[in-house]
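> Chains as they are written, first to last, in my numbering: chain G, 1 to 343; chain X, 1 to 343.
Hints were generated in silico from the structure; no laboratory data involved. Treat the hints loosely; a few may be bogus.
Claimed, not checked - Facing chain G, from chain X, some residues (calculated, C-beta under 10 Å):
id: 1; residue: Leu33
id: 2; residue: Asp113
id: 3; residue: Arg114
id: 4; residue: Asn170
id: 5; residue: Ile196
id: 6; residue: Arg315
id: 7; residue: Gly321
id: 8; residue: Gly327
For each residue, glycine too, the CB sits at the ideal point set by N, CA and C.
There are 2 protein chains.
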Amino acid sequence: MTAGTGPGETTPPAEAPQPELRRDPITAEWVILAAGRGKRPHAPGPAQPVDQPDEDCPFCPGHEERTPPEVCANREEGSCDRPGWKVRVIPNRFPLLVSGANRAGVERAVSPDRRPALGTSEVIVDTPVHNQPPWVVGPHQTRAMLEMYRDRILALKKAGRTTYAHIIRNHGAAAASSLEHPHSQLFGLPFIPPTIDVELDGFVFAHPGKPGCVLCDIIEEVEKDGARVILASENFIVFCPFASRLPFETWIVPRKHSLRFEKCEELPELAEVMTTVLNSFREKLNDPPFNYWVHTYPLHGESRPYHWHIEILPRLTLAGGLELGAGVWVNTVSPEEAAATLR
Amino acid sequence: MTAGTGPGETTPPAEAPQPELRRDPITAEWVILAAGRGKRPHAPGPAQPVDQPDEDCPFCPGHEERTPPEVCANREEGSCDRPGWKVRVIPNRFPLLVSGANRAGVERAVSPDRRPALGTSEVIVDTPVHNQPPWVVGPHQTRAMLEMYRDRILALKKAGRTTYAHIIRNHGAAAASSLEHPHSQLFGLPFIPPTIDVELDGFVFAHPGKPGCVLCDIIEEVEKDGARVILASENFIVFCPFASRLPFETWIVPRKHSLRFEKCEELPELAEVMTTVLNSFREKLNDPPFNYWVHTYPLHGESRPYHWHIEILPRLTLAGGLELGAGVWVNTVSPEEAAATLR
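Next up, chain G with everything else stripped away, as it sits in the complex (with noise of 0.2 Å):
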């Protein structure tokens, strides 16, 4: 896996095209665009998942008791932490926020900038197959597991104690996975995380002064263009947004606007079209590591415009102190050459 900042590079300069500045139309955030630096990132093999035997594992069938006990599971009725379920929830052993019923020993560092890290993180294991990710699986497995998601951002939603709902998928160690085992998280947040305000933000102010939606604008020109489009299916499009913050960086919208993951009424679609395009990076892009999530709109209220989408991040360059220290993304491979090398 190598930068895509440093100076390391042997190729001569002469063969690169001149790095450009692209605009994020949500964000207005610019992106440096260096593609063809005589370097391509790449993927370091297999998704390199944490090595670890299925009799080890603490979420293959027949292992139940390993965990805290389920909060819920798609299976046979009557059968609580036993096999036999499709797909299975969770809590997170070490949970990064805790739910409301284990607040005693949260209690004490109430201040204004400090308080206990209240909300909900739920570990959702995806197949009861070890090593094959649900879109490996098929996309029946692939949509149990997005009806799961829809089923517990509404179980959160109900519980009305929660902001935001935030779904997601480190596949890979060197997205931050540290199981094998096929798995996304639940984190149930406190607050409006910073990412989605900024986009609510952007949803604001991206076209002033003009009605509508900017990610339906989006879609239309992406489908008008057509050289950043990944897949186009009845419901869904899939492409390589404009100004990508990093090599293959793709995102799946719904055609219909809506501001709602758990209100999708396509979900059996929307996992062919995962599963197409998820073995898509597997076979052309060697099984990268990457980390999907859904952007949705706040648990509660409707007040603001938005459109939700999947946001899918592949893993194959590494941020360094212009990424981290400003801000400011850097990205290797132009969109239109990734959604040509992913279609």
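Go by the hints and put chain X onto chain G.
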């Protein structure tokens, strides 16, 4: 190297204190502090430089012809592009930002959301010694490096075409360094980068209705409390910030309220301080990969409050979907514990 957000830990949760939220006093963003979770981040051995013998190194003395002609150097007069230098500055062979002189190839791309990446990409070779960073060579070398940082920022300012000068140091392959030979980088950016923009706003809004500088206030609180202080010298204080984003995040702050690094008159003392702090990282944390950067005021104007400082971010954990997708940092070592370790 392990992640902070994964569910893969094996010690029981009862041992871990409850996580808390801490709000950064400048940016007002919340960080999740989930310390003592039975898993300490660990350096993956010494900072794992790119393996490169010095005979292949383009930055070693005697190999000056392998780089573009030097921009400037701390050396005897009249011996350009030959050995005899203490610090040497060269253009990045694969610049992320290109100077006006190279504009021809980029003019094609001008639109409101797409423009040539005009600016500066320089490599500052910190020392002639291939495998010893300046803080190992000694304070005299660190001072020469810092003086070169200052001189290059002043040169950019004088040239008048750049908005922001961003100086970074990536140490170790996991921190995105691509060559073993110690080097820093200067990016002359044509915009105020997002991170600085957020800080500049923070200096205005952190203390609504109160006069004074939020970072001056922080220095006072940090010294009074003492628990997060790593080192205090006549003109500088080094500490782990209250809402540290990652384990062992460290700031070096001048006591004197000042907008700009390049106006600092105490660089010899700063060199002593940096040498001590970076050797403490090396000794106490087994030479971890890290990034540091100088946060200073934009090159032109002085109408807004600010207080320059250096931020050091060790790379002991990996960012996942919570950090990248939500902008929420997770720190598994409390800054109080981190400072006690580094003192």
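> Of all the hints given earlier, name the ones this structure violates by number, lowest first.
Of the numbered hints given earlier, the structure breaks none, since each of them holds.
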